[in-house]
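So the sequences go chain by chain: A and L.
With the working numbering, the residue at position 99 of the first sequence is 99, and numbering never jumps.
With the working numbering, the residue at position 174 of the second sequence is 174, and numbering never jumps.
Treat the hints loosely; a few may be bogus.
[As the list claims (entries may be wrong)] Here are the simulated DSSO-like cross-link-like pairs (lysine-lysine), alpha carbons at most 27 Å apart as the crow flies:
| no. | chain 1 | residue 1 | chain 2 | residue 2 |
| --- | --- | --- | --- | --- |
| 1 | A | Lys222 | A | Lys40 |
| 2 | A | Lys24 | L | Lys394 |
| 3 | A | Lys84 | L | Lys20 |
It should be emphasised that the hints constitute simulated quantities derived from the structure, not laboratory data.
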Amino acid sequence: MSESVLNNQNKQQELITIKNITKKYPNTVALEDISFNIRKGEIFCIIGPNGAGKSTIVKILTGQIKASKGEIRIHEFHTIKDRKKILGMFGLVPQEIALYNELTGRENLEFHGRLFNLSKQFMTQKIDELLTMAGLIDRQHDLVKTYSGGMKRRLQLIRALLHQPEIVVLDEPTLGVDVQSRNAIHKYILDLPSKGKTVVLTTNYMEEAERLADRLIILDTKIIDGPGRLLEIQERVFPNLIIEFKTERAMLKSEFLTIFLQDELKGKVISEKDMSERHVILQIIFDTTHIEEIFEKFIAYTKANDIPIEEFTIKRPNLEDVFIKLTGKEFRE
Amino acid sequence: MIILNSVLEEQKKLKYKISKWFRDLRTIINKDLISTKRVKKYFFSGVIPPLVMLIVFTSFLQVSNPETYTVIVVDDDKSQYSGIMLNYVANISSDFAPWFSIIKIDTFDEAMALLQDFTYLGLIYIPSGFEANITSGIENQKGIIHLIVQNINNDYVKNYMQRLDEAVLTFNEDVHVSVGSVDLFAISLEKTYVIDQPVNNAKSITLGIIAMYGIICGMVFGALNIAKEYEDSTILEIANSPVRRTAYMASKQLIAVILGGLVILIFSILLFLIFHIEFRGDLFIVIISFILITWIHSGIGCLIGLKFKRTMPVILVCIVASMLLWFFTGGFAPLNMLGENVILVSRFIPATYWTEILVAETLYPSITYVLPRLLILIILSIIITLISWYLISKEGFRV
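Kindly produce the complete structure, drawing on both the sequences and the hints.
Written as structure tokens, this is what we have:
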């Protein structure tokens, strides 16, 4: 296949084009020259600490506020000039719980359906389906104020899906939610691309981005890295490999550590955890991405020298490590 | 053919847009009515602060009623018969009605000026020729007494008129005038109501209070409806839907008009039963002007809601705004007592025109007095509506 054909295919896949977006407020710059594309059917994640500009991007993307500079297009539609046309394309799950507490779960969905001009028959059927999917069918006639935080988040998520949007925008959808509800929400989000939805997700939970994102950007007023796959970013930013294993304490002063791991393989001990009087867990970092080479040499040496090794794992630095390296600050600062 | 098709297509689109606009309006109103029904505290937040003011001011009015009511007497005839008549008038103030007194003024013009200064209850005028008419011996020629009052719906005025009627009857019984063998009435009483004048008495202020109560409720409901949407972040749901901002704002204002109207209806019935206010004017004009003024104030309330976005600050701001409204529309004290500056400011306050329309329609219906005020309300309601549409577009409502 020729390069131009491939380029065309990629272009066709691009659903949202964000071009040179800057947002300035009187005393602060919320976003600075942001550009990226979001492809059809992917889960695109925007991660960054509080105040990084994630919600500002969501507001500009959904046409709620105007950018000071730059533009966003969805298909060929401009988010501000063609707002009427793009409104139905979005299903927005805002960061805040934005439900009518004094209405029941079902009434909230019906209200949303009416605003989006859905037919009564379709609405009834779809609401039943979504409530069942979210596990809220038994509580559908209860006032929302009696729901738990997780239930409200789930209701908010299915509300955004009711009018069958092409793009689901989730602004920190699991903020303040218990682990069980978070897992349930993650499951729904992971299912969305298979239903033809494109997902734009903002979060400041690293593990959420690691679990859900097809591609992501790291944002801190401007794009720190990305867009790209998590692995690509990790390899580019932090081309390191960490191995972790349990061994006997005596090995700490052996040639295995000092000569083989540190001198020959250029490893560096980053953590040493006492497990018992006899055992320790070691974490050693290697300045390489060649995992097979390190692994083969390690196995060969330990077998040949009869070195006791248990619980061996190979790790990459996680997103949080990447973020710290890129920005020089903790993620939740 | 192509042109015709495109015209038909455009018509179809327009029809769809209009029907969608009204559907959205209905959807939001229904939702808000359900919410208000279920969340009592918001309903009471809209009703109780104005109610407290109502109670305070009506109590104030009760204690502020003067102990005596003075009637001006002008005797241009200065004859024996006018003297007798004045004795009857003086006797109206008796052990049974000690609150009436009279004051004699020399000229009619001076007396009218005093009457229009709201100091006196009414004016009794005996024109020159009073005695000559009584003694003329001509059947249709009677002595005429004029009673001029500002507000016939005042209980004291009514009471006084009744007593004066009795005094005239007694005079006619006591002073016999005969033509041939037929006994005739010597005098008759002509009552004149000074219309097209602002009114100062407890009843008109009570009317003003009801008027103010309704519009303040409208304002508070409008402000609370918007602030609550912001407080609960549900504004995001609506701002990101295809609902037009005009439909949204109209629904919020209509809800306030409905709730304000409901409250004012209940209180009007109560006050009618308590104060026996007789409605004399055009109910249609009153309803239209009520809708306009509540629309204006619910619009002002929406602007307050948009600015402050939280229910508590909104209630406080509405209370302060209400106090100013009371003051500048004569709720605290009659405007003419508060000086020219206050009167001037009151001309810029929509509630002034509504209060004047209501008082006029209830007491002295006059289309020439009411129509210009109604027109001002229409213009103000358009201005407020346009401002609220503009400001909501700044809040992310871009449709």
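Status of the hints after comparison with the structure:
no.	hint	verdict
1	A:Lys222 with A:Lys40	holds, 24 Å
2	A:Lys24 with L:Lys394	holds, 16 Å
3	A:Lys84 with L:Lys20	holds, 13 Å
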